Each structure stands twice: as C-alpha cells, then as structure tokens.
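Order-wise, the sequence lines are chains W and X.
For the first sequence, our numbering begins at 10 and goes up steadily by one.
For the second sequence, our numbering begins at 14 and goes up steadily by one.
No lab work stands behind these hints, which were simulated from the structure alone.
Any given hint could be a false lead.
Said to hold, decoys possible - Residues of chain X placed beyond 10 Å of chain W at every Cβ, according to the derived structure:
id	residue
1	H43
2	F164
3	G228
Unchecked claim - Just a few of them, taken from the derived set where beta-carbon distance is under 10 Å, the chain W residues facing chain X:
id	residue
4	R24
5	A88
6	L96
7	F98
8	T101
9	R119
10	R262
11	G265
Said to hold, decoys possible - Derived DEER-like restraints, expressed as beta-carbon distance ranges:
id	chain 1	residue 1	chain 2	residue 2	range
12	X	H41	W	T147	56 to 62 Å
13	W	P260	X	G127	56 to 62 Å
14	W	T95	X	Q146	48 to 54 Å
15	W	K115	X	G127	34 to 40 Å
16	W	G22	X	A130	43 to 49 Å
17	W	D120	X	G127	39 to 45 Å
18	W	R24	X	G127	33 to 39 Å
19	X	L178	W	D120	18 to 24 Å
20	W	R85	X	A28	56 to 62 Å
21	X	F322	W	L246	54 to 60 Å
22	X	A35	W	T95	50 to 56 Å
The structure displayed is predicted, hence computed values, not measured ones.
Note that CB positions come from ideal geometry on N, CA and C, so glycine has one too.
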Amino acid sequence: MSLELQDLSVDIGGRRIVADVGFTVPNGSFTGLLGPNGSGKSTILKTIYRVHRPAAGRLLLDGTDLLSLRPRDAARRIAVVSQEFTLEFDFTVLEMVMVGRTPHKKSFERDNETDHAIVDDAIEQVGCGDLAHRGFNTLSGGEKQRVLIAQALAQGADHLILDEPTNHLDIRYQIETMELVSALGITVLAAIHDLSLAALFCDTVHLISGGRIIAGGPPRSVITADMMRHAYGADVLVIDHPDTGTPHLIPRRFPGVDPPSSPGGPDGPGRPADADN
Amino acid sequence: MTLGVAIGSVPLSPAAVWGVIASHLAGHPHDSVADAIVWEIRLPRVLLAAVVGAALTTAGTVVQVLVRNSLADPFLLGVSSGASVGATAVLLFGALASLGAWAISAGSVLGALGAMAAVFLVSRKGRGLAPTQLILCGVVLSALFESVTSFLIFRGNPQATQSVLFWLLGSFGLATWPQLPIPFIALAAAMVYLLTQGRSLNALAMGSEQAAALGIDVQGLRRNLFIVTSLMAGVAVAVSGIIGFVGLVIPHIVRLMVGSDHRRVLPVGVLFGASFMVLGDLLARTIVAPQEMPIGVITAFIGAPTLIFLIRRRPYLYGASG
Chain W
10 MSLELQDLSV DIGGRRIVAD VGFTVPNGSF TGLLGPNGSG KSTILKTIYR
60 VHRPAAGRLL LDGTDLLSLR PRDAARRIAV VSQEFTLEFD FTVLEMVMVG
110 RTPHKKSFER DNETDHAIVD DAIEQVGCGD LAHRGFNTLS GGEKQRVLIA
160 QALAQGADHL ILDEPTNHLD IRYQIETMEL VSALGITVLA AIHDLSLAAL
210 FCDTVHLISG GRIIAGGPPR SVITADMMRH AYGADVLVID HPDTGTPHLI
260 PRRFPGVDPP SSPGGPDGPG RPADADN
Chain X
14 MTLGVAIGSV PLSPAAVWGV IASHLAGHPH DSVADAIVWE IRLPRVLLAA
64 VVGAALTTAG TVVQVLVRNS LADPFLLGVS SGASVGATAV LLFGALASLG
114 AWAISAGSVL GALGAMAAVF LVSRKGRGLA PTQLILCGVV LSALFESVTS
164 FLIFRGNPQA TQSVLFWLLG SFGLATWPQL PIPFIALAAA MVYLLTQGRS
214 LNALAMGSEQ AAALGIDVQG LRRNLFIVTS LMAGVAVAVS GIIGFVGLVI
264 PHIVRLMVGS DHRRVLPVGV LFGASFMVLG DLLARTIVAP QEMPIGVITA
314 FIGAPTLIFL IRRRPYLYGA SG
C-alpha cells in the first residue's frame, strides 16, 4: 500500500529530464525530494499528477497503474499544492476550497451539505476559519498556502504532493506550513529546497541530481557535507540540530574571502554607547 | 433585467407592445401599423441584440479563463478579424453574391471559421493549446487578417468602403426574424455545454497544472472551450458585425457583482449581457435620431468608464494580474 515509482524517465522537448528514477513513498510517510535547481524534482512530481507523461517506467498506486486510472479517480487519491500559484480572477476562500470537491462531483451536481461540511472542516483544520469570506488575492503568502492546503484536503485524497511548499514564506510560515502538513496524517511527497527544514520534518529523503537519484534514506544518511558537495557543488558544514539531532546545514564562504566586519563584535569598530539606549 | 426588452420598444406604450406580442403568440395578429413596427422591426432587433449580447458575454467570460488573462475578449482568438475579411470580400467584391441577403453573414462565418482553424492549428503544440501561445497566435493572425481587410478596402470601390466601416462597427439595423434561430440555437447549445462545465472552469481558473491535479482533462477541455467560444463569437459577428467591449467588460462587471464562481457568472452574464446590449442598441438608435450611432461606439463609451469605476472600487480583485 503505497505510491511507487519504477524506473521512471521523462523527456521534455526531446531532452531527458528525469532518468530511471525509482523509489517508494510508504503510506503515512513524509518523503522529501531534494536536489539543486533544475535537477528534475518538479518534473517527477508533475509526472505523478499528469502534467508530463513518462517516456519510460511505471507509476503504481497501491500496486495499480496510476496512469490507467481516470483523471478524476486519480485526483480523489492524490492532491497537489503546486509552486507559484497565481489567480487571475479572485475567488473567496470558501469558493477556492470548494473547487477541491471537483473530482467528486458530476457535471450538474450541486454542492450539498456534505460538501459544505467537508469544506468547513478543511478550512478549520488549516486555521483559516476567520478568513472564509476573504478574497484569496487579499491574503498573505502564508495564508494563501494554508488555503491551498485546505483545497487539497477538501479533495479528500490520502496522498498530498507539495512542490516547494515553503518557497517565498518567512521563517514562521515555513515552520507552520511544515507542521501543518506533517500533522495531517496522510502520505506526503514534497520537493523541498531548504535542506535543514527537510531534515527536521521528513522520514525519508531522496536526493536528485541531473535527473537521477544519487542517494536515498533517512535525512541523516543523505544530508552530509560530502553529498552536498557532490549534488550541489556547495561547501557547507553539517551539524546536529540541538533539539532533534537532525542534520542542519551551515553555509560557508569561499576560502580566502574575509567576512564583513561585525559591528559591536569583539574585534569590530563597535557602536557608540548611546546608540544602545 | 429582462425589463430591457420591454423598454427597448419605447415610443409605443409597453401595454401596446405586449398586446402585439400576445396577439402573435395567440396566432391572431392584427393588421396595424403598431403591429408592423413591433413585430417586423423592433422585436427581432431587440431579440437579436439580446442574443448577441449574451453570446459575446459568455464567450468573453470563457476566453478569459481559457487564456487566464483578464484582458482577453472573444475576438482575441482571431474570429473577428477573420470575419472582417469574409464580410469585406462580400461587400466590396460581391463574393458569394448568389446567396443574396445572406452573403455577408455567410462570408463572415466562413472568414471566422477560417481564422479559428488557422489559430487552432498554429498554436497547437505537442498535445494541447498553451495559453500564451494561444494569445500570441491569436494576436499575430488577427493583425495579419486585419491587413488583408485593409488591402481589400484599399483595392475596393470607395463608395462601398463606407458600408464596410459601418459593418465593422456593428449594428442590429438589419435584424429580421429569419436571422434569429441560428444565433439563438448556437447560444443555447453553448450554454448547456458550459453550464455542465462550471466546476471545470473554476478548476481551470486555478491554472492548468492545478486543474490537472483536480482530475480535469485539461487538453480536452481547452479544445472544447476554444471551439465553443469561437463558434459563439463567430455567429455573433456574422449577424451583427464587430461589437467591441461587451465581451471584455461585461464578464468583469458580472464577476464584481457575483464573484468568480462560474456556476453563477455564466447565467448572470447571459442576462446582464443581453440587457446591456438591448439598452445599448436603444441608445444607438435614439441618441442621434433619426440617424443611427454604431453600437460599438455606445458599448465602448458606457463600458470603459464603468469598468474603470469598478476596478478602482475593488482594487484587490485584479491584484494578481498587475
């Protein structure tokens, strides 16, 4: 019982973007996809939700071929919160979340009490009860992200795909969003840029580089200084998070570059005493 | 809103108008001047204006979702400029002369269908119609067709060019009963299809990837919407010329009134678009009587300030497009 990728390859415009990627997302797990910009993370996710077609390989949902399902049947199992969401015409939060019911409804079927109850629950679950009648475009970035998660919840799927859910969010909303998602109790597959954040929340991570998986496993075994140099070409320190012991990345400057002088520091020029009053 | 139909027949009292209509529906028409004015001239004109207004509004609403751009209108996809080529060829060079009074309509429908097919084929890439490609191909091919129209006018007889100009600005002056059934059936069929797709349109407004994630067959839906809206716009152009602004502005006004849920926007848009066009046509033939103002001038003069007023009052609605 799981979402399984088998030797998946995807071509876009004649170029192979994803090559022989295979991994399993166990039920109830929080699985992270890591990798540099352009490594193929989003392409893998978009292939799962049918924006791209695989050139080779298979996608299995509980053992059945995902792409053989009707689109609306697949949408009842897998919901998506995608990257960079914009809305040309404003919908209220209630209307936005109601759109999540689309795969459950027939053409002429009206919204019934069950739908309204599900939508209200979803909005409560993400803590947006007081925003229900606001226009989506009037919300802050963190609030928008929570409404989009509510829409995915209203979809009633047991799998959630997130494409860089914490992009553009400040540190508070990054943590809130990740906590919210991991508390949902459904299977999550997320492409995540912030490796320290990924380590804090994911059970398993897969590191993609050049369209191939180069490492997979618990964050501790994947997020290492050597791996980061290999995948990203970046020099970082990896330390243990003081609370959780999960790997935490500390960026380093190029060797031989002097750091900017720190005002108030022991060797810095210091500030006038009255500036502190 | 449907009161617009009654008001549209002003110089006769509303009671007299309904009297004539009732007598015709009952099958015993009176033979009077009022009867002739109402039944032969005014009523078909008002009904045609209503159908065209509704069709343009509906097509505009759908095109804006189809290309995810609030500046889109039903003529974006090349329909109007293609129709101009056809109609100009008929007016200036007597093409399709064997069809008599239907020649202009037939010419513009053929032109519209040709333009639609051209835009469809050119903007097809891989498996579907991408919004940006659709816009660009529509704009580029429209410009090309407009040049063809200009070329035809340049080559044509100077007296006839005035009738081309008048046609280009749109009018309901030539409305007759036989003109009504085709646009009416087209509108009705399109509305039935679109009302079944209300949820899908909402999903598509979330973006094509999100729509795919919501279980929509995005490619198929886009293709159907393209065909339906082009046909609606093409038929509207064929019977009334190119009436600008209605398909752009009315959908926005309706969204500002009832929100963006297309299950409400589409039906309200039909009523509102029809009423707006009937009132516009009423103004067009009374404001400079006994002459007629081109209806396109009226729709632009009313539509533009109305939209600016509404946008300024609710700035957030279009925040994402800025």
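Cross-check of the supplied hints:
1. H43: The claim stands: X/H43 keeps its Cβ more than 10 Å from every Cβ of chain W (closest is about 43 Å).
2. F164: holds (36 Å)
3. G228: Answer for X/G228: violated, closest chain W Cβ roughly 3 Å.
4. R24: violated (14 Å)
5. A88: Hint on W/A88: holds, closest Cβ of chain X at ~7 Å, below 10 Å.
6. L96: holds (5 Å)
7. F98: holds (4 Å)
8. T101: Holds - the Cβ of W/T101 comes within 10 Å of chain X, reaching about 6 Å at its closest.
9. R119: holds (9 Å)
10. R262: violated (38 Å)
11. G265: Violated: closest Cβ of chain X sits about 44 Å from W/G265, beyond 10 Å.
12. X/H41 <-> W/T147: 56 to 62 Å: Because 59 Å falls inside the window, the suggested range holds.
13. W/P260 <-> X/G127: 56 to 62 Å: This hint holds: roughly 59 Å between Cβ atoms.
14. W/T95 <-> X/Q146: 48 to 54 Å: violated (18 Å)
15. W/K115 <-> X/G127: 34 to 40 Å: Holds, at about 37 Å.
16. W/G22 <-> X/A130: 43 to 49 Å: violated (26 Å)
17. W/D120 <-> X/G127: 39 to 45 Å: With a Cβ separation near 42 Å, W/D120 and X/G127 satisfy 39 to 45 Å, so the hint holds.
18. W/R24 <-> X/G127: 33 to 39 Å: holds (36 Å)
19. X/L178 <-> W/D120: 18 to 24 Å: violated (49 Å)
20. W/R85 <-> X/A28: 56 to 62 Å: holds (57 Å)
21. X/F322 <-> W/L246: 54 to 60 Å: holds (59 Å)
22. X/A35 <-> W/T95: 50 to 56 Å: Given range 50 to 56 Å: holds, Cβ gap about 53 Å.
Checked against the numbered hints listed earlier, the structure breaks hints 3, 4, 10, 11, 14, 16 and 19; every other hint is satisfied.
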